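Engineer: Protein chains in written order, with this note's numbering: chain H, 411 to 841; chain E, 5 to 364.
Honestly, the hints are just simulated from the structure, not real lab data.
This structure is a prediction, so every number in the text was calculated from the model and none was measured.
In silico lysine to aspartate or glutamate, EDC-like type, Cα no more than 20 Å apart, as pairs:
| # | chain 1 | residue 1 | chain 2 | residue 2 |
| --- | --- | --- | --- | --- |
| 1 | E | Lys214 | H | Asp559 |
| 2 | E | Lys143 | E | Glu249 |
| 3 | E | Lys340 | H | Glu440 |
| 4 | E | Lys55 | E | Asp93 |
| 5 | E | Lys168 | H | Asp437 |
| 6 | H | Lys583 | E | Asp202 |
| 7 | H | Lys812 | H | Asp563 |
| 8 | H | Lys827 | H | Glu482 |
| 9 | E | Lys308 | E | Glu292 |
| 10 | E | Lys178 | H | Asp586 |
| 11 | E | Lys307 | H | Asp437 |
| 12 | H | Lys827 | H | Asp563 |
| 13 | H | Lys698 | E | Asp275 |
| 14 | H | Lys495 | E | Glu360 |
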Amino acid sequence: MRLWAILAILLTLSCGIALAEEEYSFDLSEIEEKPLDIGGYLEFRPVLFGLDKNSALHKLKLYNRGKENTREEYNFTALLDGSYKKGITEFHAIVNTDFKKSYLGWSEETTLYEGYMSLKPSSMFNFNIGKKTLKWGKGYAWNPVAFLDRPKDPEDPELAREGFVVISADYIKSFDGPLKTFSFTPVLMPVYDHINDDFGKINSLNFAGKMYLLLYDTDIDFMFLTGGSKTNRYGMDFSRNITSNFEIHGELSFINDHKKRFINSDGAVFNKQYDATSYLLGLRYLTKSDTTYIFEYFHDATGFAESEMEDYFSFIDKGYDTYLTSGDDSLLKKASNVAGGNYNRKNLMRDYLYLRVSQKEPFDILYFTPSLTGIFNINDKSFSIGPELLYTGIKNLELRLKTTFLVGDSHTEFGEKQNDCRIELRVRYYF
Amino acid sequence: MFTRQKRLFLILVTLSLVPVIAYAAQKDAAKIAVASNSKNATSSISNKAGKCPYYLIFDGTGELIEVVGNPYKDAQSGAGSQTAGFLADKGVTVVIAETFGEKMIEAMRSNSTDYFQLRGIVLDAVKTVLSPGNQILMKLDRNLNPESYESYRKLINIEPGGRKREYVLFTVKKGADKVAALFLSPASEKGRSTLRLDENMWLYIPNVGKPVRITSLQSVVGGVFNNSDILRLDYAAEYFVEKMEKLSDKEELSDKYVLHLKAKTKTVAYDKLKMWVDKDTILPTRIECLTEASMLIKTIYYKKTEDFGDKIVRPSVIETDSPLYKGYKSVMIFAKIKKRTFEDEVFTLTFMPNLESLRQ
Numbered sequence: 411m412r413l414w415a416i417l418a419i420l421l422t423l424s425c426g427i428a429l430a431e432e433e434y435s436f437d438l439s440e441i442e443e444k445p446l447d448i449g450g451y452l453e454f455r456p457v458l459f460g461l462d463k464n465s466a467l468h469k470l471k472l473y474n475r476g477k478e479n480t481r482e483e484y485n486f487t488a489l490l491d492g493s494y495k496k497g498i499t500e501f502h503a504i505v506n507t508d509f510k511k512s513y514l515g516w517s518e519e520t521t522l523y524e525g526y527m528s529l530k531p532s533s534m535f536n537f538n539i540g541k542k543t544l545k546w547g548k549g550y551a552w553n554p555v556a557f558l559d560r561p562k563d564p565e566d567p568e569l570a571r572e573g574f575v576v577i578s579a580d581y582i583k584s585f586d587g588p589l590k591t592f593s594f595t596p597v598l599m600p601v602y603d604h605i606n607d608d609f610g611k612i613n614s615l616n617f618a619g620k621m622y623l624l625l626y627d628t629d630i631d632f633m634f635l636t637g638g639s640k641t642n643r644y645g646m647d648f649s650r651n652i653t654s655n656f657e658i659h660g661e662l663s664f665i666n667d668h669k670k671r672f673i674n675s676d677g678a679v680f681n682k683q684y685d686a687t688s689y690l691l692g693l694r695y696l697t698k699s700d701t702t703y704i705f706e707y708f709h710d711a712t713g714f715a716e717s718e719m720e721d722y723f724s725f726i727d728k729g730y731d732t733y734l735t736s737g738d739d740s741l742l743k744k745a746s747n748v749a750g751g752n753y754n755r756k757n758l759m760r761d762y763l764y765l766r767v768s769q770k771e772p773f774d775i776l777y778f779t780p781s782l783t784g785i786f787n788i789n790d791k792s793f794s795i796g797p798e799l800l801y802t803g804i805k806n807l808e809l810r811l812k813t814t815f816l817v818g819d820s821h822t823e824f825g826e827k828q829n830d831c832r833i834e835l836r837v838r839y840y841f
Numbered sequence: 005m006f007t008r009q010k011r012l013f014l015i016l017v018t019l020s021l022v023p024v025i026a027y028a029a030q031k032d033a034a035k036i037a038v039a040s041n042s043k044n045a046t047s048s049i050s051n052k053a054g055k056c057p058y059y060l061i062f063d064g065t066g067e068l069i070e071v072v073g074n075p076y077k078d079a080q081s082g083a084g085s086q087t088a089g090f091l092a093d094k095g096v097t098v099v100i101a102e103t104f105g106e107k108m109i110e111a112m113r114s115n116s117t118d119y120f121q122l123r124g125i126v127l128d129a130v131k132t133v134l135s136p137g138n139q140i141l142m143k144l145d146r147n148l149n150p151e152s153y154e155s156y157r158k159l160i161n162i163e164p165g166g167r168k169r170e171y172v173l174f175t176v177k178k179g180a181d182k183v184a185a186l187f188l189s190p191a192s193e194k195g196r197s198t199l200r201l202d203e204n205m206w207l208y209i210p211n212v213g214k215p216v217r218i219t220s221l222q223s224v225v226g227g228v229f230n231n232s233d234i235l236r237l238d239y240a241a242e243y244f245v246e247k248m249e250k251l252s253d254k255e256e257l258s259d260k261y262v263l264h265l266k267a268k269t270k271t272v273a274y275d276k277l278k279m280w281v282d283k284d285t286i287l288p289t290r291i292e293c294l295t296e297a298s299m300l301i302k303t304i305y306y307k308k309t310e311d312f313g314d315k316i317v318r319p320s321v322i323e324t325d326s327p328l329y330k331g332y333k334s335v336m337i338f339a340k341i342k343k344r345t346f347e348d349e350v351f352t353l354t355f356m357p358n359l360e361s362l363r364q
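Here chain E stands alone, though its shape is the one from the complex (with noise of 0.2 Å):
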């Protein structure tokens, strides 16, 4: 007979375990293709991805299990798109690189191939790619949200006196790039969508008529949230981890894990984030968002863990604040959380104008 703390002990375990099943499971599913200079596993990432001379292909172990010249280190043009090409039709599921082309990046997302801009030696980088911390990232973007779904938001923005900025938006996502977020109220910005397809940044005003492309730094709406508040993406898309930090023995009991990770690209709104990572549940109870000389920018804690249906558990509010806007702290509260699939066609700027006919 188990006592009760054994019982708990157990649970425990095997959900700290979760994780690196998760890992395990991927592990004959990665391949990785890392540019490099020459064809030692030593040497060190080539800065041109698609005129590197050589890519050194691992397995999902970290085994080395290929060497392939690149056919198109000597191409006038397009080398970038053939090398992507070239690369997913040997199988390849990753690709490290010190810098990308935009068009590789381009033909890289159009083939699914995840990608990862690190420098320094290809063995470290595949080591720091396989890492658990990523894994642990993918895991916890599943556990945030459905791949594809919709939801409702309130987004408050709290003054230092107590006055208080309401929005209420309507969200709509599918895989990891496409995203778009109509807003409900108030009055003054009901109709307002806004529409991110991969890099590509839209905003639609009623009064103006039609969507107008802006820069993904904008602001669509005043106040402390920014664009990556209201059309984030998964956070593996955007960033990858760098260290999971070692914990001392003392720590070790800690249910937590310290994640930094750093933005795969520069237009990603953080150069990085520091992530405290609930163990049983991997879900994320803090961020912080830092710049490249890791300056705080905001802090961002998840709260109120709450159970939205179809096996969704997950944080119902996020607050954040920041030393930028002192005195100010801004809050999203999440309510139907529902998986949801859309046709690719929804995330059209033509669509645009459309976007609350989705709403059932």
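This is chain H alone, in the form it adopts within the complex (with noise of 0.2 Å):
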């Protein structure tokens, strides 16, 4: 009740918004440069899970919680973006909070996702120190060449946002020729206590750099991260237009010595090492109707085998078990615990299918877009699908309505995952 009370009093703001628009004028103190900038988002967002309650991150994550069916979850986010200038100097910070009611009560986090310095000579040349994304690969729904960034949802790509404290810098050439441009990125990141210490193993100064070709109209990086936090890394990606409404891309990693970490089903942990070589390969084609599918194929060789799932999963059950006959959770904590990490990510495994298919203004409905989107699991043959309705249509105001369903037999990645369904809205106000 209180849900639709707070979206009906929304849409009401927003169309007195709407209305309360000025008459058409070019004034130029709209196009005044002003050294101080702020900008950013409000945002609210009410999520509904439906829960698997047979499945093992049901059990692994609210064994010892009540036994409903759905859940709900209100976010409150309020995103401040600025940015001050003052002759080739800028600094720029981005800071995000929010405020989370679910089953564990109130909570509120706040984020820098960026805080940094630039100075930009010209431009051939800018520095950059500070907290930042670097955001590197051409993949839509995972990136592999990503060395620097924290790992994206691919359900949601554009949420991981928060960055590293670096230290980098662009330089930028240009060229007549089939060879157009070259820019060469390094990044020197410091991992130290408290600077850093989520990204790897602390006390190392890693140095990492990206090399940019747009070569014979293709765009080419050649990337690479060494220092001692991570294992040696190199990868490279590319995208090309083969038509005018067609485009390629992909990425290749290599990982000297990644180590895994996993479980078997008694529950004993086993360390593997070896190089990993994972690799993407998409497409994004827009019809003449206004359609674009984004189709990639991701190989992560970092991820975990079918018969390793499985032994996580009957591991897991193993401890719910014990927990119902005996009370003792032990075993359950040992998996959450031991190899936690590991298996905390979003997609686990090794090869993924991934679509997404949206239709821009379907019958002529100015600033629509539906969308369907789908991961589908090719080891264990699970998936996920979402249907989604998107509508800016209002100035400033953004509404998306998205919808997941998670589907897969037992002992399955999204068979096992806690919700079997989701469904939120997502009401963001640009200021």
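Got two chains here, separate frames each, mind docking them using the hints?
Structural biologist: This is the structure:
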């Protein structure tokens, strides 16, 4: 009820905003350059989860909670994006505050997504120091070459906006001929106590770099990371338009001595070390009727094999049975703690397909974009599918209604997630 | 003593001669090579620009001055780019063929060689390219905007109910193939930028955090505007004048040229344009955007000519309506068009997140 009341207020307000718009004019004060610039958005995002009480992850995370079939969550977000410019120097910060009401009660979290200083002495060179995202890679859902970024959620790739503290620079050079652009981005990333300590091993100064070429109308990047916080890794990506409505892209990454930690069905923890080669191939295709298809295949060599996942789920089942019979939750805690970090990734296994189909303004409804997103786990044949409706017809207001269904057999990735389905509304007002 | 009417008449005559003078001035500079299936100027144009047997070279008056065999007609690979280099070394400024390979187009662009995809007889094609219509089009481009400039634009979508949606953009352009636009408002679009470098197009959205290559036909904003409205290159870079309408005696007194333009490649947003050009100012007054089958997609009206300073006198308002969006109208208002030179590095994917720093 409360949810509907809030929605009604928001919609009324937004209609008021639209009606209050002024007559058109091009006032030059609108384009005046200001040294201090502040923007951002306010967001309200209620979510309803349909729980799968028999799933392994429900047993693992909610074994000692109530047995409800659904769960509500209310999220309120304020994101402030500000910059201050003076001469060739610019300061830029993005601060995000989340208020969440869930079954655990109210919680609040404020995060500095980005906060850095830039020096831009010329169009050929710039220098940055501070917390910043780098966003390497051409893939839409996954980026195996994003060595310095936090992993993104393929169901909502725009969410990963928090960066790391880095020192970076861009050197750019343009040419005539088949090679049109060359740029190089060297990056220093310190990982010490309280600085980037969630990135990898601490007490290391890591060095990374990316070389970009626009060669024969193809974007090509080569990148590397070395320094000790993570094992050495190298990669490349590309993107190219085949025709004016058809684009292809890909990524390839090599990780030396990747360490994988996994658990067997008896709870014994194993470590395995190997060189991992991951790759992604994708395309973007636009039809004459303005339907966009984004399709990707991702092979993640750091992911778990089907048998390893089955072992993990079996161990959770065993721990849950023990808890039910004796009240002893030590095995469940072990499953959660010992192997938790490795099993907490959004997509755990090795081979995935991603498809997103979106239709711009069907039936001549301006600013309305329905879409459908599907992620298919090739290894265990489980999948998620999510229809979505997006409306941006009211100035500075974005309304998104999204549903996700998770489908899979027992001991499959999507079959064992704690939810069967999820419906969320996102109301975002930009200022 | 001239009467006032006579003076006015002389001014009009002089102005109407502007394109002809410009045309004459360029005649000596032009050197046109046509891909041909034989050594004869009445033969058909070859459909293989890179591997055609002959090139017939004409001067700016349309006179055949040289016939050369194509040394790369049997090349196993790279014929297109090598042929483009061979012609550039001969001082050719324009190449005509029925079809061009992508690599040849790229090489010609690198050499600043213009090209036309035409079918039919070699001599007829040369006449088309040297036609006053194409010279008028080139003049029109320079009158609309300097070769390298910055400007501000407000785009307004007006819906049937009268509701308006406004976008303000900062635009920078250099040469024939480099243009970038940065959204300044509304808040939901702020910081979003698009870059076009030749046929390559990218979109940068601050929330995504990196430039993403997009297909050039993809719209970067909702509504009636499409990318070609936002990142338009020179008309002569994308189209050539297929025909300049022959006016009847009565229409001779008309103050407009009517040009029929055809897209140079399939990647251009509209297959054909019908353009009404003011004879005095050599500025467009109306353009109909058409499909290959001459179906009307939209009509663009150029209005309110304004002096932006530095000899830039051009329409400050462009209105668009479309039978595909009945009842909808879009308006583009220009402000602060200013000649400005930029480094090539501004028009690169790496620079995209920094476009705001160009604003002065």
